[in-house]
Structure formats: structure tokens, C-alpha cells
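Order-wise, the sequence lines are chains A and B.
The opening position of the first sequence corresponds to residue 1 in the numbering used here, with each subsequent residue numbered one higher.
The opening position of the second sequence corresponds to residue 114 in the numbering used here, with each subsequent residue numbered one higher.
Everything labelled a hint here was simulated from the structure, so no lab data went into it.
Just so it is clear, CB atoms sit at the ideal spot from N, CA and C, and this is done for glycine as well.
Be aware that a few hints might be false.
Said to hold, decoys possible - Which bits of chain B does chain A cover? Going by a derived footprint, with three or more residues having C-beta under 8 Å, they are: (1) 150-157; (2) 220-227.
Said to hold, decoys possible - Simulated crosslink set (BS3-like; lysine-lysine; CA at most 25 Å straight-line): (3) A:Lys100 / B:Lys177; (4) A:Lys49 / B:Lys177; (5) A:Lys100 / B:Lys168; (6) B:Lys168 / B:Lys127; (7) B:Lys127 / A:Lys100; (8) A:Lys69 / B:Lys133; (9) B:Lys154 / A:Lys42.
The lines below spell out each chain.
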Amino acid sequence: AQSVTQLDSHVSVSEGTPVLLRCNYSSSYSPSLFWYVQHPNKGLQLLLKYTSAATLVKGINGFEAEFKKSETSFHLTKPSAHMSDAAEYFCVVRTGTASKLTFGTGTRLQVTL
Amino acid sequence: GAVVSQHPSRVICKSGTSVKIECRSLDFQATTMFWYRQFPKKSLMLMATSNEGSKATYEQGVEKDKFLINHASLTLSTLTVTSAHPEDSSFYICSATPGLAGVEETQYFGPGTRLLVL
Numbered sequence: 001a002q003s004v005t006q007l008d009s010h011v012s013v014s015e016g017t018p019v020l021l022r023c024n025y026s027s028s029y030s031p032s033l034f035w036y037v038q039h040p041n042k043g044l045q046l047l048l049k050y051t052s053a054a055t056l057v058k059g060i061n062g063f064e065a066e067f068k069k070s071e072t073s074f075h076l077t078k079p080s081a082h083m084s085d086a087a088e089y090f091c092v093v094r095t096g097t098a099s100k101l102t103f104g105t106g107t108r109l110q111v112t113l
Numbered sequence: 114g115a116v117v118s119q120h121p122s123r124v125i126c127k128s129g130t131s132v133k134i135e136c137r138s139l140d141f142q143a144t145t146m147f148w149y150r151q152f153p154k155k156s157l158m159l160m161a162t163s164n165e166g167s168k169a170t171y172e173q174g175v176e177k178d179k180f181l182i183n184h185a186s187l188t189l190s191t192l193t194v195t196s197a198h199p200e201d202s203s204f205y206i207c208s209a210t211p212g213l214a215g216v217e218e219t220q221y222f223g224p225g226t227r228l229l230v231l
């Protein structure tokens, strides 16, 4: 069985400071891992994905994530938060060749002035 | 590119009636579409997977007679909530991929439909 755990339900940062959203996964096989962002009244947007290539994955809007097998982690980071980054972020795992995705419970990112 | 739309964005209906939600891929042909349900402050739960022209595959615990899914064309899938009850109130989200289920493909998500059953 596969699962993801997002360790923080809510993260608040000041604009211009670094962002860290934590995700740990559990998978019997080599996983594919994703981060999606959900803005209010908009569809989930893919930020980045890891599919067994480079362990440091760069995504859109300055986000990146590092796959660490030894720690079963896939934390999302950004050097400098922007007000427009305020949204709900989901860590997602896909195992094997099936297209089924397993979502974490989400982390709400708040960015303050 | 890879835009998925849903209609309606929100709907209110009376208990016992049926509601149809549409999911369209606007700029690509979606061989596979997925339907998810999202509860408040909860993650998305996969309800079913549908491939164009074939019957949907429902996840365990999802009533196929209550949540009817039709994927009649490569750009349209519909979810009909039949005999809706207040506990069916939720946020329903669809996604689409150009490939077949079982082939690694990025899923593109619609904006969701909020259903409120009175």
C-alpha cells in the first residue's frame, strides 16, 4: 500500500522568507511523487514531479523538491515566498504503472506581509 | 495547454433529485478520466477511473449505482449523482490524461464542482 503524510496542515511565512512544506511517503515500490497546488476556485496545478530521474526536481514558480529515499521524504521548498504562493499544497504518490494517485491531506500555506 | 473544465462550478439541489456534472478536456483528447471527491480539510479521494468507450472502474466503497459515470467521447465525461442526499454534499473534481490508465501520464485537473444537497 502507498501513502503520503504531510506533516503540517498549516504553514505561515512572511513574504520574502523561505518556504518548507514537508512530505513523507510510504511505498512498496519505486514511487513517482508529485506536488500539486490548489488555489481557491481553480483546478489543481502540477508544480513538479519526481519519476526516478534526478533526485532534485525543479518545478514552476521557483519551487523545488528533493527526493530522499533514505528518509522517505519529498519536501517542497522555495527560497523566497510571494503573496501569490498562498494556497493549498498536496503531496501525491503514484506507485507502479497504474495511474492511481494517492493524495496527502494538504498543507495550507499562508504568506503574510 | 492541457486545460480541463467542469460544469457547473456549483450546484444546489433538493434531496432525492439527480445532478449531472460535466468534465471536459478542452485542448487534448482524454483517453482516461478520473473522478475524485474532496471533503472539507481532507485530501482527494479517488472515486472511479473511466476509459473512453468502456465502463468505469469504481474504487472500493463507491456505489456505482449512485454515482453514474459516462465517458462517451474523448473530451467529455459525466458524473451523475442519483437520488442525492445531504451526505453527498461535497466538492467533486475530475482529472484527465491523454493516455490509458496503466500508462504513466500526468493528470490534469478540473476546477471542481461544489454540490450542496438540501
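Quick rundown of the hints versus the structure:
Check on the stretch 150-157 of chain B: 4 of its residues sit with their Cβ under 8 Å from a Cβ of chain A, so the three-residue criterion for coverage holds. Counting residues of the stretch 220-227 of chain B whose beta carbon lies closer than 8 Å to any beta carbon of chain A gives 6, which reaches the threshold of three, so the coverage claim holds. A threshold of 25 Å between alpha carbons decides the hint, and for Lys100 of chain A with Lys177 of chain B the separation of about 18 Å falls inside it, so the pair holds. Our distance criterion of 25 Å between C-alpha atoms is broken by Lys49 of chain A and Lys177 of chain B, whose separation comes to about 32 Å.
Simply put, Lys100 of chain A and Lys168 of chain B have alpha-carbon atoms about 17 Å apart, close enough for the 25 Å limit, and the pair holds. Among the hinted pairs, Lys168 of chain B with Lys127 of chain B is inconsistent with the structure: their alpha-carbon atoms are about 28 Å apart, more than 25 Å. A C-alpha spacing of about 33 Å is found between Lys127 of chain B and Lys100 of chain A, which places the hinted pair above 25 Å, so the restraint is violated. Using a Cα cut-off of 25 Å, the hinted pair Lys69 of chain A and Lys133 of chain B is violated, with the two alpha carbons roughly 43 Å apart.
Between the alpha carbons of Lys154 of chain B and Lys42 of chain A the distance comes to roughly 16 Å, so the proposed pair stays at or under 25 Å and holds.
The earlier numbered hints that this structure contradicts are 4, 6, 7 and 8.
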